[in-house]
Structures are given as structure tokens and as C-alpha cells.
Amino acid sequence: MKRLVKYPVLASLIGVIIKEMKIMSRYIGTLVIVISLPYMLSGFFIGVGYTVGGEAANRNFYMNTGVESPLLYLTLGGTLMMASMFLIENASGIIREEQLIGTFELHYLTPNNTILLWFFHAIASSLLFLGVFAANASLVIAVAGSLLNPYEWLLVFAIVLLGILPLAGLGLVVAALTVRFKEVWAVANIVSSFIAMLSGFYYPLEVFPRAVQLIAQVVPTSHASELLKKIVSGMPGQPPLAERLTLMAALALGYLALGKVFYSRWEDEARRKGELSKY
Amino acid sequence: MASSVLVENVSKVFHTREGGLLFRGKKRVVEALKNVSFEVREGEVFGLLGPNGAGKTTTIKILSTLLLPDSGDAWVNGYHVVKEANKVRESIGVSLYSDRGFYWKLSGRENLMYFARLYHLERSYAKSRIDYLLKLLDLESDADRLVEEYSTGMKSKLNIARALLQDPPVLFLDEPTIGLDPTAARKVREVIMELRGEGKTVLLTTHNMYEAELLCDRVAIISKGRVIAIGTPGELKSKVSEHKVIEVELAGFDEGLLEMVKQGRGVIGAAARIRDPVSGLAELRIVYDGDFALKDVLGMLLSSRGRLISVKSLEPTLEDVFVTMTGERLEAPS
Ligand SMILES: Nc1ncnc2c1ncn2[C@@H]1O[C@H](COP(=O)(O)OP(=O)(O)OP(=O)(O)O)[C@@H](O)[C@H]1O
Ligand SMILES: [Mg+2]
Chain Y
1 MKRLVKYPVL
11 ASLIGVIIKE
21 MKIMSRYIGT
31 LVIVISLPYM
41 LSGFFIGVGY
51 TVGGEAANRN
61 FYMNTGVESP
71 LLYLTLGGTL
81 MMASMFLIEN
91 ASGIIREEQL
101 IGTFELHYLT
111 PNNTILLWFF
121 HAIASSLLFL
131 GVFAANASLV
141 IAVAGSLLNP
151 YEWLLVFAIV
161 LLGILPLAGL
171 GLVVAALTVR
181 FKEVWAVANI
191 VSSFIAMLSG
201 FYYPLEVFPR
211 AVQLIAQVVP
221 TSHASELLKK
231 IVSGMPGQPP
241 LAERLTLMAA
251 LALGYLALGK
261 VFYSRWEDEA
271 RRKGELSKY
Chain Z
1 MASSVLVENV
11 SKVFHTREGG
21 LLFRGKKRVV
31 EALKNVSFEV
41 REGEVFGLLG
51 PNGAGKTTTI
61 KILSTLLLPD
71 SGDAWVNGYH
81 VVKEANKVRE
91 SIGVSLYSDR
101 GFYWKLSGRE
111 NLMYFARLYH
121 LERSYAKSRI
131 DYLLKLLDLE
141 SDADRLVEEY
151 STGMKSKLNI
161 ARALLQDPPV
171 LFLDEPTIGL
181 DPTAARKVRE
191 VIMELRGEGK
201 TVLLTTHNMY
211 EAELLCDRVA
221 IISKGRVIAI
231 GTPGELKSKV
241 SEHKVIEVEL
251 AGFDEGLLEM
261 VKQGRGVIGA
271 AARIRDPVSG
281 LAELRIVYDG
291 DFALKDVLGM
301 LLSSRGRLIS
311 VKSLEPTLED
321 VFVTMTGERL
331 EAPS
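If you read the protein sequences in the order shown, they are chains Y and Z.
The first sequence begins at 1 in my numbering and counts up one residue at a time.
The second sequence begins at 1 in my numbering and counts up one residue at a time.
It should be emphasised that the hints constitute simulated quantities derived from the structure, not laboratory data.
Careful, some of the hints might be misleading.
[As the list claims (entries may be wrong)] Non-contacting residues of chain Y with respect to chain Z, defined by C-beta distances greater than 10 Å in every case (computed):
| no. | residue |
| --- | --- |
| 1 | Pro8 |
| 2 | Gly66 |
| 3 | Glu105 |
| 4 | Glu206 |
| 5 | Gly254 |
| 6 | Gly274 |
[To be verified] Covered stretches of chain Y, going by a simulated chain Z footprint (3 or more residues, C-beta under 8 Å):
| no. | stretch |
| --- | --- |
| 7 | 82-94 |
| 8 | 106-113 |
| 9 | 262-273 |
Computed from a predicted model, the values in this text were never measured in an experiment.
Ideal Cβ positions, reconstructed from N, Cα and C, are used throughout, including at glycine.
Just need the whole structure built from these sequences, with the hints factored in.
Here is the structure:
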């Protein structure tokens with residue numbers, strides 16, 4: 001009988017995706033929060049908006065964002081925000097979590113590149129969020145009375161992936177710097193809040209001073225959220241797409257490389273100091 | 001016979017600090033392994049026998065590439081553990097804990113399937129291998145329950161099943177029977193003997209001398225990071241077989257008494273295990289030569305402040321090798 005698969009990396013990827021999907025499906029509460037939180041936040045912000053802007057709220061919103069439906073804008077932004085926070089926290093938290101249950105160092109016994117394995121975990125979460133995003137987007141688009149064609153959907157998925165996957169690199173940096181102190185989640189929360197602030201999930205980045213806008217240029221989710229809102233709301237005057245996507249791909253490579261550098265350094269040290277097994 | 005595991009002068013020191021990030025305590029240096037050398041021959045069951053903190057797990061981790069040695073060399077299946085770590089990983093199956101190392105929300109079978117994929121096993125082979133292992137370890141009927149419902153014994157056995165997934169020639173089992181009831185422990189021992197029958201090499205650790213005697217072709221006794229004796233259980237016991245052994249139960253024990261006993265005429269070694277610190281209830285194990293020694297020792301015990309409860313005369317065991325060489329007992333109080 002044949003023993004080993006032909007494409008080992010693929011086997012590992014499938015293994016990780018199946019494991020993560022099964023576990024997520026058994027923690028159903030988390031899924032419910034992930035799907036519903038963006039709506040709750042949209043309602044919250046729309047309420048605040050009306051309280052502050054009164055009758056003029058909708059008009060002001062359109063003038064500032066170019067989007068007619070606040071629900072659409074805020075829900076898409078919110079979904080993307082959930083995805084980005086989840087990814088950063090998951091990519092760093094997973095290491096802590098697996099250390100706690102004792103599965104972490106077992107991965108080091110298998111013939112795999114461990115950084116790749118943690119990245120596969122990020123891919124698994126991203127796939128989940130693609131689904132959540134598609135569901136939420138379809139709903140708000142339908143409410144707004146329009147539809148996306150297959151090409152646009154493909155584009156939307158590519159943009160979501162390019163926006164959130166690089167954050168796994170950031171998660172690995174956080175993990176590498178903080179796993180020793182066992183409080184990964186604290187730093188991960190701070191980092192993901194900053195990313196959220198600089199991404200313009202709920203507001204256009206033009207509300208910030210020029211310097212902040214410049215910094216936001218290197219945050220992949222800022223591009224993702226801008227592009228997505230424009231495509232989904234069918235706004236005219238789209239930003240030059242090819243250029244943006246290239247920039248995002250470059251950012252993605254940069255973030256992941258950064259993650260690899262930091263994590264590899266931690267790993268080497270951990271092997272010497274016996275940190276792999278601590279919990 | 002070829003050697004499956006070869007360890008040459010391996011040392012490992014841990015530098016740690018007490019306390020946390022904010023209130024950093026004083027530095028602590030733990031010499032976990034000091035110039036450890038031993039060889040495990042192909043097809044042999046080899047035991048590392050030693051008390052808590054002796055360095056058994058550290059040795060296993062270095063051999064399984066999870067920890068880098070500070071100095072020295074080691075080879076597994078002919079591959080160097082630092083320079084050819086990937087080759088080593090392909091050659092070994094490792095069980096590190098008795099009841100950790102699983103995803104609680106996956107079933108036993110799903111846990112195994114995940115690791116089978118990470119070992120790149122072909123799907124149908126993985127399935128039949130997992131079926132076989134679940135059967136081997138008496139886990140068939142619980143295979144599809146979530147691991148969160150498993151008892152310690154079931155988790156232990158599942159751990160061993162996972163170690164066997166890729167059908168490796170060399171197995172490292174860290175305390176494979178710790179925390180198991182006699183039935184489960186017997187099952188695990190049976191499996192180890194079966195593996196030996198298949199020609200696998202097994203390196204296991206234990207602080208249970210009966211287990212070492214029962215299972216191991218050869219044993220290395222390890223104390224405070226040093227290998228202090230290596231040999232077959234018979235060879236090791238022959239070091240003490242000329243001597244006599246008593247075990248004394250005593251209330252109101254103190255260290256001074258032990259020191260006095262150790263200095264006694266004809267006493268080869270003595271060690272105590274405190275059973276109850278409050279009442280000072282302790283078990284003294286005394287290895288000695290000659291009847292005069294027994295008379296002296298009993299005299300000391302009777303005239304001490306302690307209260308003598310019982311005295312048993314015993315056949316020398318592996319533990320007495322440990323007692324005479326280290327002045328300590330092997331097993332922690334149970
Ligand atoms: N990661 C680590 N950091 C600091 N010290 C460590 C680390 N791992 C082990 N040690 C220390 O090294 C020594 C040997 O530990 P080890 O776990 O190898 O003992 P052991 O023989 O397996 O004991 P036990 O029977 O209790 O499992 C101990 O003093 C332990 O505190
Ligand atoms: Mg141990």
C-alpha cells in the first residue's frame with residue numbers, strides 16, 4: 001500500500017483547515033459573535049450618527065464617504081474589522097493556546113516547516129472570514145437593491161485575502177516578542193486596535209491628519225476596506241485597481257517576511273532555552 | 001549490534017529567573033544534564049530510571065530535536081540530532097505527556113487523523129493505521145468521543161497511539177505509565193513488549209523500578225543530571241545482591257538520625273522517604289553488610305527520639321543501587 005502522499009505541503013494544509021473548521025464548528029458561540037457583531041456595531045454607529053447629525057446625518061454621511069447606505073458601508077467595514085482583529089489575535093494566540101493544551105511542540109516533531117503550519121492556520125481563519133464576508137456582503141447588497149457579478153465577487157475575495165492574510169505576519173511578530181511573558185493577548189489586542197484605527201473600517205481615512213494617512217498606506221486593511229466599499233457600493237471613480245493590488249501584494253510579502261524573521265529568531269532561541277514546551 | 005541512539009557527553013544548562021516580568025527575582029541556573037553518555041542498541045527496550053528532576057525528560061527532548069544541547073553530540077537512527085534534525089524526526093515517535101497534547105473538541109480519531117496528515121500519510125493508509133492503533137490500545141469503543149470526555153488513562157493510550165502513527169523504528173516514551181491504573185498500565189506495558197517483538201527500539205523513562213525491571217533490557221540510572229550506572233537490571237542488581245536490605249517505618253524522623261545511620265558500621269547506604277511531614281512519618285531504606293550492622297542500626301533507631309513502627313527485611317532491588325549510589329530514594333512519596 002502507498003504510504004506517503006505525493007504533495008506533502010498540501011496534505012498539511014488540508015489537515016490544518018479541516019482541524020480548524022471542525023473546532024470552530026464546535027465552538028458555535030464564537031461563530032455567532034463573528035457573524036452578528038458587525039450588524040450590532042452598524043446599528044450602534046448609525047444610532048450615534050443620527051443622534052449627532054440629526055436629519056442631516058444621511059446627507060453628511062454621503063458627502064463624507066460617497067456611499068449612500070450607511071448600513072452597507074458600516075457592515076462591510078465591521079466585518080473586515082472582525083476579520084483583521086481575529087487574524088492578528090489568532091495568529092499570535094494560537095501559539096499560546098497550543099502551548100497550553102500541549103499540542104504546540106508536537107508540531108515540531110512532524111516533518112513540516114512550522115512557520116508554514118502557523119500560516120496555514122491563518123489561511124483557515126481567512127477562509128472562514130471569506131464565508132462570513134460573503135454572507136454579510138450579499139445581505140447588505142441585497143438590502144441596498146443591487147448585485148455583484150462573478151468577476152466582482154472574485155475581486156472582492158482577492159481583496160479580502162490580500163487585506164487580512166498579511167496580518168498573520170504581524171501576529172507572528174507579536175507572538176515572537178511576547179510568548180515568553182505568556183500574555184500574548186494583551187499585546188495582540190493593542191496591535192489589532194491600532195490596525196483597526198488605521199484601516200478606516202468605519203470612517204474614511206481623510207478624517208485624519210496627513211501624517212496618519214501616510215502611515216495608513218502601509219496597513220493592508222486600509223486598502224482593502226477602501227477598495228471593497230467602492231466596489232460593493234458601485235461607486236464611480238474607482239482607484240487604479242491593478243496598482244493597488246500590486247501594492248497590497250507587496251505589503252503582504254513584507255508583512256509575512258517580517259513575521260518569518262521574528263518568529264524564526266524566537267524559535268531558535270526557544271530551542272536552546274527550552275521555551276517550546278513551557279506553558 | 002548497531003546502535004539506535006548514541007549519546008556522547010551531552011550537557012544542558014537552563015538559565016531562568018524566579019518571578020515574573022515586573023518583579024524579577026534572582027537568577028537560577030539549573031544544570032539539567034551533565035556529560036550524559038549512553039547507547040541504546042537496535043531492537044532494545046532501554047530505560048532511563050531516575051527520580052523527579054533527574055533530567056529524563058530533558059534527555060528525551062534533546063533526542064527528539066525539541067531542545068538543543070549546550071555541548072556534546074547525539075545520534076538517533078544514525079542521524080545527528082542537531083545537524084540532521086529532519087531525518088531524526090522521520091525516524092522517531094514520541095510520547096511526551098500522559099494527558100496533554102490533544103484538541104479537546106476533536107475526537108480521539110480526529111486527533112490522530114490531524115497528526116497523520118501532518119506526517120503526510122496517504123489517506124487510506126492513515127485510516128487503516130489509525131484503526132489498527134486504536135485497536136492495539138483498546139480505544140476502539142471510545143475513538144469517536146471527544147477527547148474532553150477522556151479519562152487520564154485513555155489520553156495516555158491515545159498519546160502512545162499518536163507516537164506510533166508514522167510507524168517509526170525508534171520510540172521515545174516519557175513516563176508511559178504515569179497516572180495509570182494497574183489494568184491500563186499493564187496494557188501499555190504489553191504494547192511496549194509487542195513493539196519490541198516487532199524489532200522497534202524503545203527508549204522510555206520511569207521512576208518506577210519495577211517497571212524498569214519488568215520492561216527494560218538495559219537501564220541507565222540517572223540522578224541530578226548524571227548517569228550513575230548502566231546495565232541490565234540483573235547486572236545492576238548484582239552490585240547490591242551481596243548486601244542486605246531493611247526498610248524501617250518510623251515516626252518522628254529527623255535528618256540527623258539519617259546521617260548517623262549512614263555513618264554506622266557496615267552500612268553501605270541509607271535513604272529516607274518522608275510519608276507525612278507533620279508527624280515525621282518516614283520510610284528508611286538501609287543497605288548494609290553483616291549482622292553486627294543490623295544490631296548497630298536498630299540500636300540507633302531505638303535510642304532515637306523517633307518511634308519505630310516496623311522493620312522489614314527485603315531482597316535488594318534496583319532502588320538499592322540508587323540508594324547506595326546517591327543516598328536518596330527513587331520514588332517520591334505517593
Ligand atoms: N524549560 C526549562 N527551563 C528551566 N528549567 C528546566 C526546563 N526544563 C527542565 N528544567 C529543569 O531541569 C531539571 C531536569 O528536568 P527534567 O524535566 O528533565 O526532569 P525529569 O527527570 O523528567 O523529572 P520528572 O520525573 O519530574 O519528570 C529540573 O531541575 C527542571 O526544573
Ligand atoms: Mg519528566
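Hints versus structure:
1. At roughly 4 Å, the least C-beta separation between Pro8 (chain Y) and chain Z is not larger than 10 Å, which violates its mark as non-interface.
2. Non-interface status of Gly66 (chain Y) relative to chain Z is upheld: no Cβ of that chain comes within 10 Å, the nearest being about 44 Å off.
3. The beta carbon of Glu105 (chain Y) is not kept farther than 10 Å from every beta carbon of chain Z, the shortest such distance being approximately 5 Å.
4. The non-interface label for Glu206 (chain Y) is consistent with chain Z: the shortest C-beta to C-beta separation is roughly 40 Å, beyond 10 Å.
5. For Gly254 (chain Y), the shortest C-beta to C-beta distance to chain Z comes to about 28 Å, beyond the 10 Å cut-off, and the non-interface label holds.
6. Not every beta carbon of chain Z lies more than 10 Å from that of Gly274 (chain Y), the smallest distance being close to 6 Å; the non-interface claim is violated.
7. Three residues within the 8 Å Cβ limit are the bar, and the stretch 82-94 of chain Y against chain Z gives 0, so the coverage statement is violated.
8. With 7 residues carrying a beta carbon less than 8 Å from a beta carbon of chain Z, the stretch 106-113 of chain Y meets the three-residue requirement, and the given coverage holds.
9. Counting residues of the stretch 262-273 of chain Y whose beta carbon lies closer than 8 Å to any beta carbon of chain Z gives 3, which reaches the threshold of three, so the coverage claim holds.
Consistency note: the structure conflicts with the earlier hints numbered 1, 3, 6, 7.
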